[in-house]
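Student: Sequence:
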Amino acid sequence: MSKSLQAIRGMNDILPEQTPLWRYFEGTVARLLDNYGYRQIRMPIVEFTELFKRSIGEVTDIVEKEMYTFDDRNGDSLTLRPEGTAACVRAVLEHGITGGGQVQKLWYIGPMFRHERPQKGRYRQFHQIGCEVFNLDGPDIDAELIVLTWRLWGELGIRDAVKLELNSLGTAEARARYRDALVEFLSARLEHLDEDSQRRLKTNPLRVLDTKSPDTQAVLVDAPKLADYLDEESRVHFEGLKARLDAAGIPYVINPKLVRGLDYYSKTVFEWVTDKLGAQGTVCAGGRYDGLVEQMGGKPTPGVGFAMGIERLVLMLEALDKVPEELARQVDVYLCAFGEAAELAALALSERVRDQLPNLRLQINAGAGSFKSQFKKADKSGALYALILGDDELAQQVVGFKPLRGQGEQQSIAWDALAAHLATCVVQG
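Mapping to the numbering used here: the sequence shown position 113 is 702, numbers consecutive.
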């Protein structure tokens, strides 16, 4: 196949054998968010480029290097969304749903796009589930978001594989004072910084803190600490958050170098990290952005949220062998019919069973080969049971009921009793 007919590098197909795990993960998260009172919002994947420049920051790596930006036929500069918060803020502003101090607890799901070097766990089209909360300014909502994700890790069986890191960035004014002190300190040691950190020192100095360069990290040991520049409001907020996490029994570590890569964060920032995915260790991250709505033209509105990477969490479930066994089986019952009259009866019978057992996964394979070939397909499907309908069964208005997994003899089940029998054997386990 020619290269032009292949998927773009870093933008991957999710194949049928992979989608059951994706649907399981997405369904688990959606149910949990519903239970916590969050409502889903869906935004376009394309926005005006200016939206991301104003919200994320023009001198961030995302805006400078990673966005997929193009001019449309009207000459407007458009961008495939690189993250969801800015688009969500735009949506709530445009539709006025946070006006008058209305509390909004929202979540979304979908693809994001960044032009990065593809590797395991990092792709150019990737998928996120995000939450955004507006008009709540206390540490209790910060704690709720973290408690919610902690509960999710428990339901997925991966709590032992993740660690919570916390920091507080303070207000914009406190962060500006710290930035000045950090720039002064690092400028005097410029020759000891790696090339990327030297560039960031001029554009986004706080990002130097999360450098991977050992030489720069050695310099940072004696650098000013952000905690020493926190304002009292942010300090009280952060202590309140920690008290709530302690009360909930959620372990965490303070990471003073955690700053996140987006300009809009303030006060709380957090990351759930793992050592099970190699270099791509962050599986969920977020924090407060109390000034973002005002920065984008709205009234002062507290905001906080997070986003989690679906690809990375799916990889974790696979790596830790936390994929539910039932996902490997896409069919509960496989109905084999032989002969035209039996095929017609099989269609009617299967629909009658589906009416009574809507959650039953029943596959019908009428007229698809010999007895032997149909049974081979039934076994390959992973079904627990095969139903057999031929001329003899048709005459007696029964079906053959044959276990395909484990012990058990083939039985004949009357059509009228079939749904009840399947409910006992399959639906109720």
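One or more hints might be untrue.
BS3-like mimics (lysine-lysine), calculated; alpha carbons at most 30 angstroms apart, straight line [as the list claims (entries may be wrong)]:
#, residue 1, residue 2
1, Lys831, Lys791
2, Lys911, Lys709
3, Lys791, Lys642
4, Lys801, Lys752
5, Lys654, Lys791
6, Lys709, Lys801
7, Lys991, Lys969
8, Lys888, Lys752
9, Lys709, Lys592
10, Lys911, Lys961
11, Lys846, Lys831
12, Lys831, Lys801
13, Lys694, Lys592
14, Lys654, Lys846
Rather than coming from a laboratory, the hints here were simulated on the basis of the structure.
Student: If a hint holds in the structure, say so; if it doesn't, say that too.
Tutor: Consistency of the hints with the structure:
1. Under the criterion of a C-alpha separation no larger than 30 angstroms, the hint pairing Lys831 with Lys791 is inconsistent with the structure, at around 33 angstroms.
2. Distance check on the hinted pair: Lys911 and Lys709 sit about 19 angstroms apart at the alpha-carbon level, within 30 angstroms; holds.
3. Of the pairs offered as hints, the one joining Lys791 and Lys642 holds, with about 18 angstroms between alpha carbons and a cut-off of 30 angstroms not exceeded.
4. Distance hint between Lys801 and Lys752 is fulfilled; the C-alpha atoms sit about 19 angstroms from each other, no more than 30 angstroms.
5. Restraint check for Lys654 and Lys791: satisfied, since their Cα atoms lie roughly 16 angstroms apart, inside the 30 angstroms limit.
6. Distance check on the hinted pair: Lys709 and Lys801 sit about 18 angstroms apart at the alpha-carbon level, within 30 angstroms; holds.
7. A hinted pair counts as satisfied when its Cα atoms are at most 30 angstroms apart, and Lys991 with Lys969 qualifies at roughly 15 angstroms.
8. Taken as a hint, the Lys888 and Lys752 pair is broken in the structure, with Cα atoms around 35 angstroms apart against an allowance of 30 angstroms.
9. For the hint pairing Lys709 with Lys592, the CA-to-CA distance comes to about 21 angstroms; that is within 30 angstroms, so the pair holds.
10. Restraint check: the Cα-Cα separation between Lys911 and Lys961 comes to about 35 angstroms, which exceeds 30 angstroms; the hinted pair is violated.
11. With a C-alpha separation of about 17 angstroms, the suggested pair Lys846 and Lys831 falls inside the 30 angstroms cut-off, and the hint holds.
12. Our distance criterion of 30 angstroms between C-alpha atoms is met by Lys831 and Lys801, whose separation comes to about 28 angstroms.
13. Between Lys694 and Lys592 the CA atoms are separated by roughly 44 angstroms; this puts the pair beyond 30 angstroms, and the hint is violated.
14. At roughly 23 angstroms between alpha-carbon atoms, Lys654 and Lys846 fall within 30 angstroms of each other, so this suggested pair holds.
Taken one by one, the earlier hints fail for this structure at numbers 1, 8, 10, 13, listed in ascending order.
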